[in-house]
Every structure is written in structure tokens, then in C-alpha cells.
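**Q** Sequence:
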Amino acid sequence: MGKINFVLKRLFSYIIPINIHKQKSSVSKNLEITWTNGELVLDSKNTNYSYGSLQRILRKGLDSIGFKTILKMEHIIVLGVAGGSVIKTLTEEIKFKGRITGVEIDPEIIKIANSYFNLDKISNLEIVIDDAFEFVLKTKNKYDLIIIDIFQDTTMPNFLFEEFFQNRTCFLLKDKGIILFNTMCLSDKDNLRNKKYLENVNTELYTARTIPRVEEHNELIILEKK
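Taking the numbering used here, I'd label the letters of the sequence shown as residues 4 to 229.
Derived from the structure by calculation, the hints contain no laboratory data.
Note that the structure is predicted; figures quoted are calculated from it, not measured.
Beta carbons: idealized from backbone N, C-alpha and C, even for Gly.
Careful: at least some of the hints might be erroneous.
So the derived label-pair ranges between C-beta atoms look like this [claimed, not checked]:
1. I18 x K228: 23 to 29 Å
2. L195 x N170: 18 to 24 Å
3. K124 x L195: 41 to 47 Å
In silico EDC-like pairs for lysine to aspartate or glutamate, Cα to Cα no more than 20 Å straight-line [to be verified]:
4. K71 x E42
5. K124 x E95
6. K91 x E137
7. K100 x E77
8. K25 x E35
9. K145 x D178
10. K63 x E96
11. K114 x E96
12. K199 x E222
13. K228 x E77
14. K192 x E202
15. K179 x D66
16. K100 x E129
17. K198 x E222
18. K228 x E207
19. K63 x E35
20. K75 x E227
21. K145 x E77
22. K198 x D178
23. K192 x E165
24. K91 x E77
25. K198 x E227
26. K199 x E227
27. K141 x D109
28. K63 x E222
29. K177 x E222
30. K25 x E42
31. K91 x D123
32. K71 x E95
33. K229 x E77
34. K98 x D134
35. K63 x E95
36. K114 x E35
Sequences and hints are given; from them, build the entire structure.
**A** Have a look at this one:
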């Protein structure tokens with residue numbers, strides 16, 4: 004009976020989204036698991052948090068970097084795990100076998116990711132419950148790829164765009180390392196914020212490029228260490 008219900012919900016989700024779980028979180032506020040167009044997605048009140056459009060956005064960034072390039076990497080860090088869709092892309096589609104560290108401030112969202120998306124079954128993944136800013140300050144490791152995907156519903160914390168955080172994440176890159184930064188642009192103010200971030204890049208040490216308007220409101224920023 005359970006399997007039949009699973010199939011029916013998935014089929015009906017092509018007609019109308021079917022919510023199967025709602026939960027409050029002190030950090031992320033409202034969290035929902037919904038069947039949409041045949042796939043299970045994690046949403047906050049106003050935006051997609053994992054899978055669905057977000058997975059397509061970050062996959063486009065990874066594709067731009069190059070799957071072959073990623074396969075040669077040793078250690079990737081994801082700042083902002085949520086349901087772990089980008090981690091699933093790395094491990095299931097790209098077949099990345101190196102180390103992945105996921106940093107997530109909200110323990111409740113990780114419980115959901117483990118229950119609905121089997122994140123805890125990924126053997127090369129280590130989850131750290133911590134504030135991304137604090138973790139970036141403390142870590143002694145260097146990384147081949149830093150994925151920044153941090154949102155509070157439709158807003159982004161200001162620290163992500165501060166020069167100190169930008170310099171610190173760049174410092175944590177190995178030679179030829181890459182930063183993939185997912186940003187949301189809903190206003191002219193957001194566009195100016197991104198422009199300033201790019202202007203602060205040290206072009207003698209890093210190349211910077213963007214993939215604008217991915218899924219309408221997202222802009223991906225890619226920094227590569229020369």
C-alpha cells in the first residue's frame with residue numbers, strides 16, 4: 004500500500020504539487036517537502052531550498068567548471084547544505100569520489116535531508132553543523148572547490164559579500180582552486196551588490212566570470228585561482 008501511495012503521489016505531482024511534510028525550524032523558519040513534477044523538493048516559505056530549480060542552477064555552474072575538472076579534485080566544501088542537492092549531483096551524476104565537507108547551520112534541515120534524501124548514506128560526505136562564517140575562520144584545510152549556497156529564505160546574509168569573507172574563502176583555495184557562488188538578485192540593489200563583489204576580486208590572482216539569470220533570479224559567480 005505504501006508503494007502504491009508513493010507512485011500515486013509522484014504521478015499526481017505532475018498535475019499539482021503535493022506536500023508531504025511541513026516543519027518549523029528556529030533557523031530556516033518554515034520547511035516543506037513537496038512532490039513537484041515527479042520529484043521530491045525541499046522548499047522554504049518563498050523559495051526552493053534543494054532539488055528542483057536549485058539543483059538545476061548549481062548543476063549549470065558545475066557543468067561550466069567541467070565535470071572532468073571536478074573529477075580530478077580531492078576535497079570539495081559546500082557552505083550551505085540544505086537538502087544536499089548539489090552533493091547528490093557531485094556524487095551521483097559526476098561520480099566524484101574525493102572528500103566532500105558540508106557545512107550547515109541548521110540541524111533540523113540535515114535531519115530532513117537524511118530522512119527524505121538519504122544524505123547520511125553518502126560515504127565520502129562529512130557534515131559539520133556550524134555557521135559558515137565561523138567555519139571559514141577556523142578551518143585549517145585548503146579546498147579544490149568551494150561552493151557557496153547560503154540563503155535565509157529569499158535573502159542572503161550580508162557577510163557573504165564582505166571583503167573579509169571574500170578574501171578568506173579565496174585564501175582557502177588550493178592552486179587552481181575554484182569558488183562557485185550562487186546568488187539571488189531580486190532588485191537593483193542586489194545587482195549592485197554583486198557588481199561590487201566582482202570589483203573587489205584581485206584579478207592578478209583570480210579570474211572572475213558570471214552566469215547571469217539562471218532560473219530567472221539567480222546569478223552564479225565563478226572565481227578561479229590562477
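**Q** Holds or violated: K91 with E77, Cα cutoff 20 Å?
**A** Holds. K91 to E77 sits at ~17 Å (cutoff 20 Å).
**Q** With a cut-off of 20 Å on the C-alpha distance, tell me whether K192 and E202 pass.
**A** holds (15 Å)
**Q** K98 and D134 were given as a pair; does the straight-line alpha-carbon distance stay at or below 20 Å?
**A** Roughly 28 Å separates the two Cα atoms, so the pair is violated.
**Q** Please verify whether K145 and D178 have alpha carbons no more than 20 Å apart.
**A** holds (9 Å)
**Q** Can the restraint linking K228 and E207 be considered satisfied, given a maximum Cα separation of 20 Å?
**A** Status holds; Cα separation ~9 Å.
**Q** Measure nothing beyond the straight line between the CA atoms of K198 and D178; if it is 20 Å or shorter, mark the hint as holding.
**A** violated (25 Å)
**Q** Mind checking the alpha carbons of K199 and E227 for me, to see if they're no more than 20 Å apart?
**A** holds (18 Å)
**Q** Check the hint pairing K71 with E95 against an upper bound of 20 Å on the C-alpha distance.
**A** holds (14 Å)
**Q** Are the Cα positions of K63 and E222 separated by 20 Å at most?
**A** With a Cα-Cα distance of about 11 Å, the restraint between K63 and E222 holds, given a limit of 20 Å.
**Q** K228 and E77 were given as a pair; does the straight-line alpha-carbon distance stay at or below 20 Å?
**A** holds (16 Å)
**Q** Hinted pair, alpha-carbon criterion (20 Å max): K91, D123. Please report holds or violated.
**A** holds (11 Å)
**Q** Kindly confirm whether 23 to 29 Å is satisfied by the beta carbon distance between I18 and K228.
**A** violated (47 Å)
In terms of the numbered hints stated before, the structure departs from hints 1, 4, 6, 11, 19, 22, 29 and 34, listed from lowest to highest.
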